[in-house]
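All chains, please: the whole structure from these sequences, using the hints.
Protein chains in written order, with my numbering: chain Y, 1 to 357; chain B, 1001 to 1288.
By construction, these hints were calculated from the structure, which means they are not laboratory data.
Where hints are given, some of them may not hold.
Unchecked claim - Quick list of the computed label-pair ranges, beta carbon to beta carbon:
| no. | chain 1 | residue 1 | chain 2 | residue 2 | range |
| --- | --- | --- | --- | --- | --- |
| 1 | B | Gly1173 | Y | Lys34 | 34 to 44 Å |
| 2 | Y | Leu76 | B | Gly1110 | 44 to 54 Å |
| 3 | B | Ala1015 | Y | Ser44 | 42 to 52 Å |
| 4 | Y | Thr305 | B | Met1093 | 49 to 59 Å |
Unchecked claim - Anything over 12 Å on all C-beta distances counts as not near chain B; from chain Y, calculated:
| no. | residue |
| --- | --- |
| 5 | Gly35 |
| 6 | Glu79 |
| 7 | Arg81 |
| 8 | Ile251 |
Note that beta-carbon positions come from the ideal geometry of N, C-alpha and C, so glycine has one too.
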Amino acid sequence: MARAASFSQLRFERIRRSFGSVEALREVTLTIRKGEFIALLGPSGCGKSTTLNILAGLLPATGGAIWLDERRIDTLRPEERGFGMVFQNYALFPHMNVRRNIGFGLAMRHVARGEIARRTDEAMALVRLEGHADKLPAQLSGGQQQRVAIARAIVIEPPLVLMDEPLSNLDAKLRLEMRAEIRRIHASLGATTIYVTHDQEEALSLADRIVVMQAGGVRQIGTPDDLYARPASLDVAEFMGFRNRLAGEAIESDGAQTIVRVGAAHLRAAGAGPVAKGTKGALVMRTADLSPAPPDASTIPASVTAGEFRGDGFVCSGAGEGGAELWFTSPSRLTIGERVHLRVDPARARFYPEAGA
Amino acid sequence: MAAAPSARAPFDGVALLAAPAALILCALFLYPFAYGLWLSFVPAAGGALANYRKFFADPFLYGTIATTLWLALPVTLLNLAVAVPVAMRVRLMRNQRLLTTILVLPITLGVVLIAQGLLTYLGPQGWFNRALMTLGLVSHPVRLVHDYWGVFLSLFLTGFPFTFLLTLSHVSGIDPALEQAAATLGANARQRFLAVILPLLAPGLAIAFCLSFVQAFSVFPSAILLGAPAGPTRVISIAAYQAAFEDFDYSMASAIAMLMGGVQLAIIAAVLGLRGLAYRGPAGGGKG
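Right, here's the structure in full:
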């Protein structure tokens, strides 16, 4: 399919939205380049769906502006924006068959009948729905309905494709399949896509850049590698799967590395920059990066409280000094109550100074 | 339950709970209906079909069918035409309950009270006419009561809340995401209504039409109080009433009642037949 109406960048300028006295979105500023796959990632209620709905025109912004190059679009009605949107519950027209659903946007644009048939066929082939053209949505499985929703959004060749948690209604296996499908479709069309999700794995695997949102604001924007390895703040780190959090104090820092004292142990961690000696803060680590090792000055003692078999090993929890809960992996089964010493890869642990410190 | 399934389902005692309802239905509906039907075929004079022949021979009698349809059909259509946009709007409101209460209030007033109000309000000395004359819009009072329009208005007022509530429940059943999806695909408000809302609403509207129509078709009190019972609003129920309680010809009255039912049935059958052509599945957009 040929790419139609294009643009070079989409700009959010201090977009705000409040519902009564509740501020759902506070000053979101963001620039998206053509062809990018952007994931808006955050817990529920963070404002990611609000952002998408404002962009689609389904919800007016309380303040700010959205620019598509030099054209201001936040004042346009949704039907004037021409973006393709995939809804969380698919929102297929129940009284139209697959072909009419997919061709709906083209029919609204008064495209000639033959052209509609040709492009609908192409779109059905792209999402692998050949042979289902005459079925009603209710006769399709969840995954097939999802494909119709995607085909319906991309057949109009929109400058922007918006997806609102499109996989959240599918079971785990289908979710993986459709994830691959969405990646394949994006690769073959190159359409600029904005994808809302609360699933960090989905965001990491699909997006070129991830926008992490929390409490109505943007916390960090970066590539998946960036976000995975270097979350900018403690909030983002916790959301990105840094499950272990220990209170510590910096005793030496050179910008690249900080040595943190946690109890009696001295651990190396990467950090946002040099911190003053004596700074208190939080040391965070992923479950997968923490595992039992022979005791030395850089290990944390803990007693095992539970273990779960995960096929290639065990995910365990333990109680550290002062009762802090720790999550770690072990290649072998551990008995509950067993004393272990845990070591973390210094490149994988991160230290965040306390707010206001 | 027995291990081996028997050919006949075992008697289920719970089914007996439906017995009182079935009994009441027989006593209050089936028996009077059957009795009326039988009665209509035993006229005071002539053969079994004499009543029906008499009805269709006398324009003063058969004309009532057209008169009643001429009232009931436009009122029902107007009711629906007003109820749909109002329901579409009310669906989006946050203070739905207050507005719905106000709209539904006329139901609680009763037909006679509304007729009484309209008589004073729309009569030759009523506010409405006096206002029109004060403003110089008319020189003589407009004739609204004791005429077609008085009955029309009263039927509209008493029928609207009912039609509105039925329509609102159908409109609310349509997933708002469908309209949003249509909007993002380039459909303007008119296209969204015609291509998405209306087809999904059609089966519900057909039901609302039937129920409102039956109510309007059996109009009696307002046709007498507000209309011209000897002229333009001589509806079919008046003809039946006169046969029964002025001529004391119960057989003829029964025949008219049967014809009344027949007309209603024919209209409803036609509307439901059309409904069969529409989509009747769920009005949701998928999972969720």
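Is it the case that Y:Ile251 keeps its Cβ farther than 12 Å from each residue Cβ in chain B?
At roughly 52 Å from the nearest Cβ of chain B, Y:Ile251 sits farther out than 12 Å, so the non-interface label holds.
Per the stated criterion, does the least C-beta distance between Y:Arg81 and chain B lie above 12 Å, as a non-interface residue requires?
8 Å, violated
Range hint 34 to 44 Å: satisfied by the CB atoms of B:Gly1173 and Y:Lys34?
41 Å, holds
Compute the least Cβ-Cβ separation between Y:Glu79 and chain B, then decide whether it is above 12 Å.
5 Å, violated
Between Y:Leu76 and B:Gly1110, does the C-beta distance stay in 44 to 54 Å?
50 Å, holds
Starting from the range 49 to 59 Å, see whether the pair Y:Thr305 and B:Met1093 falls in it by beta-carbon distance.
53 Å, holds
Is Y:Gly35 truly not at the interface, in the sense that its beta carbon sits beyond 12 Å from all beta carbons of chain B?
Consistent with the label, Y:Gly35 stays out of reach of chain B, its closest Cβ about 21 Å off (over 12 Å).
Range agreement (Cβ of Y:Ser44 with Cβ of B:Ala1015, hint 42 to 52 Å)
48 Å, holds
The structure shown violates the earlier hints numbered 6 and 7.
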